[in-house]
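Taken in sequence, the protein lines are chains A and B. Using our numbering, the first residue of the first sequence is number 1, and each one after it goes up by one. Using our numbering, the first residue of the second sequence is number 1001, and each one after it goes up by one.
Read the hints as simulated data drawn from the structure, not as lab findings. Glycine included, every Cβ here is placed at the ideal spot set by N, Cα and C. Take these hints with a grain of salt, some might be off.
Unchecked claim - For the chain A half of the interface with chain B, some residues (derived, Cβ under 7 Å), not all of them:
1) Ala159
2) Val219
3) Asp302
4) Val303
5) Trp381
6) Thr521
2 protein chains.
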Amino acid sequence: METDVEVTRRSFMRGLGITGGAGIAYGAMSTLGLAPAAADTGGRTFRPPRRSDLLGAAQGDHSVVILGGGPAGLCAAYELRKAGYTVTLLEARSRPGGRVWSVRGGTEETDLNGETQTCTFSDGHYYNLGATRIPQGHITLDYCRELGVEIQAFGNQNANTVVNYRGDQPLADTSITYRAAKADTYGYISELLKKATDRGALDDVLTQDDKDALSEFLVDFGDLSSDGRYVGSSRRGYESEPGAGLNFGGDTTPYSMHDVIRGGIGRNVSFEFGYDQAMLMFTPVGGMDRIYHAFADELGGDVIEYGAEVRSMKNVPDGVTVEYVRGGEQRSVTADYCICTIPPNLVPRLAHNLPGEVIAALGAARPSSSGKLGIEYSRRWWEEDERIFGGASHTNRDISQIMFPYDHFGGDRGVVVAYYSSGGSQRAFESLTHKQRLAKALAEGSEIHGEKYTRDIASSFSGSWRRTKYSESAWASWKGAAGHGGEAIPEYELLLDPVDRIYFAGDHLSNAIAWQHGAFTSARDVVTALHERVAASA
Amino acid sequence: METDVEVTRRSFMRGLGITGGAGIAYGAMSTLGLAPAAADTGGRTFRPPRRSDLLGAAQGDHSVVILGGGPAGLCAAYELRKAGYTVTLLEARSRPGGRVWSVRGGTEETDLNGETQTCTFSDGHYYNLGATRIPQGHITLDYCRELGVEIQAFGNQNANTVVNYRGDQPLADTSITYRAAKADTYGYISELLKKATDRGALDDVLTQDDKDALSEFLVDFGDLSSDGRYVGSSRRGYESEPGAGLNFGGDTTPYSMHDVIRGGIGRNVSFEFGYDQAMLMFTPVGGMDRIYHAFADELGGDVIEYGAEVRSMKNVPDGVTVEYVRGGEQRSVTADYCICTIPPNLVPRLAHNLPGEVIAALGAARPSSSGKLGIEYSRRWWEEDERIFGGASHTNRDISQIMFPYDHFGGDRGVVVAYYSSGGSQRAFESLTHKQRLAKALAEGSEIHGEKYTRDIASSFSGSWRRTKYSESAWASWKGAAGHGGEAIPEYELLLDPVDRIYFAGDHLSNAIAWQHGAFTSARDVVTALHERVAASA
Chain A
1 METDVEVTRR
11 SFMRGLGITG
21 GAGIAYGAMS
31 TLGLAPAAAD
41 TGGRTFRPPR
51 RSDLLGAAQG
61 DHSVVILGGG
71 PAGLCAAYEL
81 RKAGYTVTLL
91 EARSRPGGRV
101 WSVRGGTEET
111 DLNGETQTCT
121 FSDGHYYNLG
131 ATRIPQGHIT
141 LDYCRELGVE
151 IQAFGNQNAN
161 TVVNYRGDQP
171 LADTSITYRA
181 AKADTYGYIS
191 ELLKKATDRG
201 ALDDVLTQDD
211 KDALSEFLVD
221 FGDLSSDGRY
231 VGSSRRGYES
241 EPGAGLNFGG
251 DTTPYSMHDV
261 IRGGIGRNVS
271 FEFGYDQAML
281 MFTPVGGMDR
291 IYHAFADELG
301 GDVIEYGAEV
311 RSMKNVPDGV
321 TVEYVRGGEQ
331 RSVTADYCIC
341 TIPPNLVPRL
351 AHNLPGEVIA
361 ALGAARPSSS
371 GKLGIEYSRR
381 WWEEDERIFG
391 GASHTNRDIS
401 QIMFPYDHFG
411 GDRGVVVAYY
421 SSGGSQRAFE
431 SLTHKQRLAK
441 ALAEGSEIHG
451 EKYTRDIASS
461 FSGSWRRTKY
471 SESAWASWKG
481 AAGHGGEAIP
491 EYELLLDPVD
501 RIYFAGDHLS
511 NAIAWQHGAF
521 TSARDVVTAL
531 HERVAASA
Chain B
1001 METDVEVTRR
1011 SFMRGLGITG
1021 GAGIAYGAMS
1031 TLGLAPAAAD
1041 TGGRTFRPPR
1051 RSDLLGAAQG
1061 DHSVVILGGG
1071 PAGLCAAYEL
1081 RKAGYTVTLL
1091 EARSRPGGRV
1101 WSVRGGTEET
1111 DLNGETQTCT
1121 FSDGHYYNLG
1131 ATRIPQGHIT
1141 LDYCRELGVE
1151 IQAFGNQNAN
1161 TVVNYRGDQP
1171 LADTSITYRA
1181 AKADTYGYIS
1191 ELLKKATDRG
1201 ALDDVLTQDD
1211 KDALSEFLVD
1221 FGDLSSDGRY
1231 VGSSRRGYES
1241 EPGAGLNFGG
1251 DTTPYSMHDV
1261 IRGGIGRNVS
1271 FEFGYDQAML
1281 MFTPVGGMDR
1291 IYHAFADELG
1301 GDVIEYGAEV
1311 RSMKNVPDGV
1321 TVEYVRGGEQ
1331 RSVTADYCIC
1341 TIPPNLVPRL
1351 AHNLPGEVIA
1361 ALGAARPSSS
1371 GKLGIEYSRR
1381 WWEEDERIFG
1391 GASHTNRDIS
1401 QIMFPYDHFG
1411 GDRGVVVAYY
1421 SSGGSQRAFE
1431 SLTHKQRLAK
1441 ALAEGSEIHG
1451 EKYTRDIASS
1461 FSGSWRRTKY
1471 SESAWASWKG
1481 AAGHGGEAIP
1491 EYELLLDPVD
1501 RIYFAGDHLS
1511 NAIAWQHGAF
1521 TSARDVVTAL
1531 HERVAASA
């Protein structure tokens, strides 16, 4: 979900010396039919459990109680039902999806600050307070297909959105379109590299033929003039849109090389190259939660108990007993197995008989801050005034980014995500009241998109995952890990194994933390292990 | 519409010394409220004609005959009707849109080679044989909004599509994902520039602070290791998709610096930076022709005569007389004014009384070749096998590119554009029969996406604009112009003025040739001029 997650994943992988495997690019491999499909789970292809696996093998009925109706829990329930397991899924909230939460008119939530918000967005308008985008490689798209959830492109990159960075550097506090930031940055680095190679500064590395080929590339990449300089480019945009007749629009003037380099206006372009952020990206039509309502519909009314707050989870002889409160009543369920997808930071609060080392391991998955605030505007000023149709503006202010809607294009209203921040930038918001959050978001946002940012506001709604009941974390950050995976971390590895008949699942036990894909692959791994165990127990 | 058009536009603008105007980036300007909205036509904002302009000014009824029901003709008719002009629009085809042509089941066409094709695509499937994408700045989006045409994102860039270049160079005939091509290219140019600056090769240009800032940028931009080398990146993709537990996917190995530079695998990345190709891009839901059906619906049944082949267009005293054939009958219409949007290459074939210099000027707008072939597959192999959801693969073969559908994601079938080529690459197709075109497209396409490219084909349909009746050209290339505009070209400028009461309009008279925006802005200019003339003639 996050730039910083991707950055740290890369660092982490490199730290482990994994860089430089035996393969070539996945795309090229699968083109040649040499690689497994992208959705495969590494060496082991997931095979959904089948009823026939159990017939004649494991006798009788097999039951599983699943704790949590987010992506991992629902996916596990869905896959286990394929083989006829008796599944009970306990979800504390009144809705499926967990941290996949689409906020729309009627959404009501009391946060852990004690504040209750009720969303009054217009019909058909929403934003995803949690997961909002899907990369092409993730099996999330496979579930969309399998469940009949319609998807659409998600605008994860837009030449017309802007960067605006506070600071003392050149071009500070200036809103610069991505197209201009990229054109100037690429222009000058091309000019510089061409100059250096022309001077022979890299002759020990490059042959004359290399230099010729590189020069040809750089002239195109940087849009350089015939004398090898960057002097501007139509890629930056025009003073006004070119039209017919003699209306050539008028070229713009690039910023100086010094300002571009020292201002760091290209600092965020690598976001677009990230493995799980590069376009094209996707999202379900009507909200990310459509996936989980589809899971719930598939499971039918008997499997999921909403409003079920789990209080106790204990291995007992030949099973697991879970106690929970629902509708004010104490209840209990005992099943052959349990899959616990409750966030690792909340599991230790249950009554349990887990070993101390497991509790310690859960504690190594540290909760993190992230949140969003959505504003419904009654005028799509970003389209009408700035020709921005989707995508996000970025800043080093606490709001971090402003995300524009990818739906209702050309309509009369729309929901803008006024901040999506994490870490320290989010902590600046999470203890505030909603009104204070909105004020801060408007103050920072109007520094980027002007005074109109504060007008035509119909309503707003915010959420902070650290202050959201039943989550209290946006995603897990593993203690001591350089990144978001846990191969080298004993605590992570420990939790991959069941504790007797209790299995843990969730994106925190994957290499795609904060992604639905991580939750799904974790659920699949647990379902596979559990199913193999049952089938072998005949 | 085309890379090469964008490239030549840029060269052309620079040739005229227009580079380096007085402004800053458009986006930043409009952010600050300093610039006109992007859709404005340069210095002069288009104001639709109003009935009140004529009341008490020009007496009586005012009539205009419009030749051609493509974007320029329909836009002109639509705007003139706002002020109550009596408009007759003659369109030779049986449909609106001209070169905006969405091919779907039931589409039938006999081309100038004499071959008749009937499209049998499944319900809801189509491709745009002409215009297929809309940049955010273009007024095409304003007309979509005004006419209630729903738009969606168009995948004009995709990390999972591939490049594959024939030749003797390294990595020739190898399918490489865009994500890998970009990661390796950016990695090595970052490594090289960092090395050069570290060596002091650019110390006359860069201060130490500049060098530090540049280095920080390059490490991020190229995903360099701590010692400043490019040794691969997760941005390239993984050997297989990372999942849960210990499935880290496995990193890939980058190509060598020499191969990347000499192979030119990054040669096409600048396509994504083009002013009118940079994401986000848009297209109407259901086909680009939805815009023109919406125009036609707005105009109502009395304005447009389909199947009307114009034979003669002559200025007569106080009007223009147009003769045409419809339903086998000779017909004639005389109006106060005429707007001729017939392609410039076809106008001289009419009977006319235009001056010789006008005919010569029309001849300077030279017709060009372009065309597409759409294949309906009964399996979405690009999604299932290659995780490609939209976007295009590119090659230097004659097919030039393979465009994947931006609709019906996750469905059971879809239409792939198996080539979209222009110039010499298209001339290799246009004289072929459809069967021959398909065979050539499959042969080249399967070199890129494998043998599956030739399987699961339900049907196909192709078109070549040079061989398409009533067009005979994809777009105009102005003689002697370095690019696609015509400021410095007397022939272009001559045609901006009316010949007595005949006005010319079309994208060929704009600085957005091959774009609907060019046709619309041209139509608006003509409507404005005509309306001002009528109002002044009171």
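Here's how the hints hold up against the structure:
About 4 Å separates the beta-carbon of A:Ala159 from the nearest beta-carbon of chain B, less than 7 Å, and the hint is met. For A:Val219, the suggested interface contact is broken, since its CB lies about 10 Å from the closest CB of chain B, more than 7 Å. Violation of the interface hint for A:Asp302 is found here, the shortest Cβ-Cβ separation to chain B being roughly 28 Å, above the 7 Å cut-off. The beta carbon of A:Val303 comes no nearer than 23 Å to any beta carbon in chain B, farther than 7 Å, and the hint placing it at the interface is violated.
Checking A:Trp381 against chain B: minimum C-beta separation of about 11 Å lies over 7 Å; hint violated. The closest approach between the C-beta of A:Thr521 and any C-beta of chain B is roughly 4 Å, which is under the 7 Å cut-off, so the hint is satisfied.
In summary, the structure is inconsistent with hints 2, 3, 4, 5 from the numbered list given earlier, while agreeing with the others.
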